[in-house]
Amino acid sequence: MPEAHEDPRIYFAAERTFLAWLRTGLGLMGIGFAVSRFGLFLRQIHLGSNLPLHSTGVSVYSGVSLVMLGVIVNIAAVAYHVRTIRRLQTGTWEPGLSMNAVVLALLLAAIGLGMAIFLLVLR
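Per our numbering, the very first residue in the sequence shown carries number 1144; after that it's consecutive.
Do not rely on the hints blindly, as some may be mistaken.
[To be verified] For each label pair, taking beta carbons as the anchor points, the in silico distance ranges come out as:
hint, residue 1, residue 2, range
1, 1240, 1203, 29 to 39 Å
2, 1204, 1249, 40 to 50 Å
3, 1192, 1154, 55 to 65 Å
4, 1150, 1261, 46 to 56 Å
5, 1203, 1259, 32 to 42 Å
6, 1242, 1152, 19 to 29 Å
Hints were generated in silico from the structure; no laboratory data involved.
Backbone N, C-alpha and C fix where the C-beta goes; we use that ideal spot for every residue, glycine too.
Using the sequences and the hints, build the whole thing.
See below:
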């Protein structure tokens, strides 16, 4: 059986993990773009109606924030992948908790909680 740093399956697993992080970052950017443009959509609909528009600009700021979070996730994924491959090549890699995933999950949970509170206040 080959050493862990010589086994191509290990590198393929690292590649799959890297690609999953990239998909996550791209997804965040896509959702952020949609959220940001939703405010524009509401303004366009308002132009054709006589209803008052109470715009707070939250959709633009939250959308841009999600796009930036996606960019940060992609940059962090590249840095983590390069570091992991180097550790695999030198044989210094050790399994452990992925702090990037934990931090992202907690950040997204906080964003979701903030959005839920905002929607409750707006109703």
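Verification of the hints:
{"no.": "1", "hint": "1240 - 1203: 29 to 39 Å", "in the structure": "35 Å, holds"}
{"no.": "2", "hint": "1204 - 1249: 40 to 50 Å", "in the structure": "21 Å, violated"}
{"no.": "3", "hint": "1192 - 1154: 55 to 65 Å", "in the structure": "57 Å, holds"}
{"no.": "4", "hint": "1150 - 1261: 46 to 56 Å", "in the structure": "48 Å, holds"}
{"no.": "5", "hint": "1203 - 1259: 32 to 42 Å", "in the structure": "19 Å, violated"}
{"no.": "6", "hint": "1242 - 1152: 19 to 29 Å", "in the structure": "24 Å, holds"}
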